[in-house]
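Visitor: As you go down the protein sequences, you meet chains A and B in turn. So for the first sequence, UniProt numbering puts the first residue at 1; every next one is plus one. So for the second sequence, UniProt numbering puts the first residue at 1; every next one is plus one.
Simulated from the structure, these hints should not be mistaken for lab results. Errors might be hidden in some of the hints.
Chain B regions said to be covered by chain A (calculated; three or more residues, Cβ under 8 Å) [stated by the list, open to error]:
1) 73–82
2) 90–98
3) 101–113
Virtual Cβ for every residue (Gly too), placed ideally from N, Cα, C.
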Amino acid sequence: MTLDVLQMVLVTIVAAATPLMIAALGELVVERSGVLNLGVEGMMVLGAATGFAVAVETGSTLVGALAGAGAGLALSALFGILTVVLAANQVASGLAMTILGLGLSGLVGASYVGMKREPAPHLTISGLTDFPGIGRLVFGQDAFVYAGFALVGGIAWFLWCTRAGLALRAIGDDHTSTHALGLQVRKVRFLAVLFGGACAGLAGAYLSLAYTPFWAPAMTAGRGWIALALVVFASWRPVRVMAGAMLFGGATVLQLHAQAAGFGLPGQALSALPYLATILALVLLSLGRRQGGSLAPASLGRVFTPFR
Amino acid sequence: MPPVTEGPTPLFGAYGIVKRFGDFKANDGVDLEIRAGEIHALLGENGAGKSTLMKILYGLLEPTEGVVTHRGDIVKLANPEAARALGIGMVFQHFSLCENLTVAENIALVMPRSLGARALKKKMSTVGTTYGLHLDPDRPVWSLSAGERQRIEIIRCLLQDPRLVILDEPTSVLTPGEAEGLFTVLERLRDEGRALLYISHRLDEVRRLCSRATILRGGKVVGACDPRQESARSLAAMMVGVQVGEVKPPSGVPLGPERLVLSNLSLTTSGLHGTALVDISLTVAGGEIVGIAGIAGNGQAELFDALSGEALAPEAGMVAFDGQPVGRLGITQRRRHGACFVPEERNGHAAAPTLSLSDNALLSRHATAGLSRFGFLRSAATKALAQHVIGAFDVRKAGPDPAAGTLSGGNLQKFLMGREIMAEPGILVVNQPTWGVDALAAAHIRQALLDLAGRGAALLVISQDLDELFEIAGRIAVLHDGTLSRAVPASETSREAVGLLMGGSGGVGTEAVAPSSTREAASHAH
């Protein structure tokens with residue numbers, strides 16, 4: 001019985017962690033290419049609204065999820081044009097994307113407020129899913145969760161085992177040098193930004209299609225910002241993003257349980273935990289790097305203009 | 001289309017190359033022919049168009065007019081990949097390396113996609129053994145010295161089996177020992193029948209290595225010669241178009257009182273490549289130039305920091321300006337004592353590259369040139385000061401007050417030297433005054449230093465260029481592994497004696513260590 005309670009808690013943690021993980025993995029790829037996208041929150045919330053609206057209209061969760069990813073991708077394309085093509089300031093453009101995304105999502109979702117849908121179906125394999133203790137956790141999740149974990153492995157493989165991944169990391173480290181070697185800095189960055197936007201949109205769609213299957217304005221509630229913090233916390237490594245997402249997701253769930261149990265600690269203090277953990281991680285990381293080199297992509301946030 | 005020339009078809013040719021940037025012609029009808037088995041020098045002042053021509057040959061820039069040929073056929077170099085496919089390799093001056101990637105990853109970036117990691121490492125070690133270029137493929141680049149970084153560039157170039165290797169100022173960051181190793185590799189490449197295009201300010205290197213030279217001035221070819229038949233002086237004259245005058249030390253100026261005194265200065269260091277200073281004592285009198293020779297990385301940067309106040313001495317009395325202990329004072333307070341400082345790195349240390357020249361003048365002169373009143377900046381006075389420096393030191397630039405980073409290295413150095421010299425300091429400390437500066441500008445800077453000493457200032461010049469030190473310094477001391485030798489009059493010592501001290505041998509307790517290995521050991525030990 002206690003095993004099942006533990007499993008229930010773990011399942012809720014994984015559910016809370018999945019949107020953070022998917023959005024953060026996308027942002028990790030973007031930042032590894034040297035672009036800082038502060039518009040994750042906007043892309044996520046637009047993905048949530050669009051995903052829900054399309055799912056309601058078509059009746060298909062899959063089409064809704066794809067539409068959510070597409071909406072994030074479209075907004076990130078705008079961000080990419082501004083920052084990669086037109087070399088605009090990344091911080092200002094990213095903040096603008098967040099504000100724009102929040103506004104657009106309100107518009108898209110206006111007529112869907114209060115509607116409910118069935119949540120995305122969970123996997124059921126007879127025999128396995130009912131397996132006591134871990135069945136639900138391992139074999140009873142929805143497709144988003146599995147997609148999230150597949151992304152962890154996929155991105156890690158891409159970054160460290162493929163030539164394109166090497167080029168992406170090199171471009172994030174030093175765009176001037178890689179340009180001089182003939183790598184296509186702007187093309188790679190633009191593609192990375194699109195990928196990040198699609199991931200943010202997908203993470204948003206998860207919220208409105210699976211996590212809480214309805215649309216409410218600004219329902220991402222700062223998860224995009226947590227995803228950004230998570231990338232730093234994970235020192236730009238996919239597996240650490242996964243672990244960090246579980247930790248941050250755990251903090252969220254813990255906070256809910258603590259509030260429900262009338263625990264002495266104020267909920268705000270627990271909500272602040274992920275950010276506190278990020279600051280702590282940053283301090284520890286920089287302490288460990290006194291000798292030189294950096295964990296962060298060295299040209300992160302720097303605007304690139306080719307000299308041709 | 002190519003003009004008829006003597007001999008066989010050149011391996012690579014560039015004919016009638018014009019490159020315009022707006023109204024400015026960086027290259028104006030340049031012809032260049034490179035043959036297999038030769039080291040061809042490309043000479044010219046800062047801003048003569050060498051880099052532009054090189055970037056065109058490597059496919060980084062597209063010429064406005066003109067053609068590039070390969071074995072007589074016209075080729076189009078749309079990007080570096082196309083150039084590499086034709087067998088053109090490049091060793092960049094400012095290395096094009098990603099610091100946080102490993103050696104092997106940096107090399108893999110330009111290798112064919114099909115080459116696996118293991119095969120790459122095998123090839124690296126083969127080339128490393130063949131040419132004596134050894135590197136650990138798994139070290140991150142940030143942990144390597146300048147010489148090791150250049151080795152990566154060269155290996156990366158050689159792995160592509162290039163027929164033409166372009167080298168842009170390859171020795172500018174190397175120790176003499178490392179440079180010697182490079183020359184051996186280059187001569188070997190030449191003997192293998194490859195062509196090399198060699199760009200350098202160091203004319204004795206050119207005379208030693210190169211069999212042909214093309215000289216650029218103002219974007220045009222102004223001459224060609226066999227550098228082995230020329231003197232460094234005649235080559236310099238061709239580059240700048242006028243005879244480079246010898247700098248004249250002011251004769252018979254009596255030395256004034258001791259103005260700069262270091263007493264038993266010791267300083268520990270943090271960081272990977274740092275060198276601790278050990279018990280350094282030195283005096284510089286008014287009217288005197290003392291030169292500090294030494295191989296890079298033996299404590300020059302640390303000594304400069306200790307003098308300028310970027311690093312504080314453990315005790316105030318260890319550094320004294322005009323009798324005042326200043327060892328615990330910061331930079332601005334030391335400047336208020338009449339001292340000025342010019343650090344080695346122009347961009348990022350001596351100047352902020354994105355700020356205008358007048359803002360850069362403000363950066364070092366704000367406390368001493370009356371550039372602020374009641375805490376407000378006097379921008380007119382600042383601009384006037386910058387213009388004054390620009391005029392007096394013949395700083396060539398685009399626009400009235402451009403960003404420092406847009407100036408060529410030589411012109412920015414003239415501006416920075418002028419900024420400090422025109423403050424009429426009583427004490428001036430300079431680290432590498434003419435690094436990467438063309439012959440004419442270097443002569444100008446050295447003359448200005450001598451003139452300043454003639455007016456009674458005490459000058460401490462840290463330089464890797466022995467010729468420079470023997471030209472201007474009254475006394476020379478050698479910094480080796482953080483310790484300073486006794487300063488001896490330049491007339492009583494020789495290049496050989498100083499060279500031995502630089503390598504750590506000479507005097508008592510002689511150790512016969514080659515300079516390069518000393519450097520390596522020193523940088524690894526810390």
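Visitor: How about the stretch 73–82 of chain B: do at least three of its residues have a C-beta closer than 8 Å to a C-beta of chain A?
Guide: holds (count 3)
Visitor: When I compare C-beta atoms, does the stretch 90–98 of chain B have three or more residues closer than 8 Å to chain A?
Guide: That given contact holds, which follows from 5 residues of the stretch 90–98 of chain B lying within Cβ reach (below 8 Å) of chain A.
Visitor: Check, residue by residue, whether the stretch 101–113 of chain B contains three or more positions whose beta-carbon lies closer than 8 Å to a beta-carbon of chain A, and give the verdict.
Guide: It holds, with 7 qualifying residues against the three required.
The structure meets every hint from the earlier list without exception.
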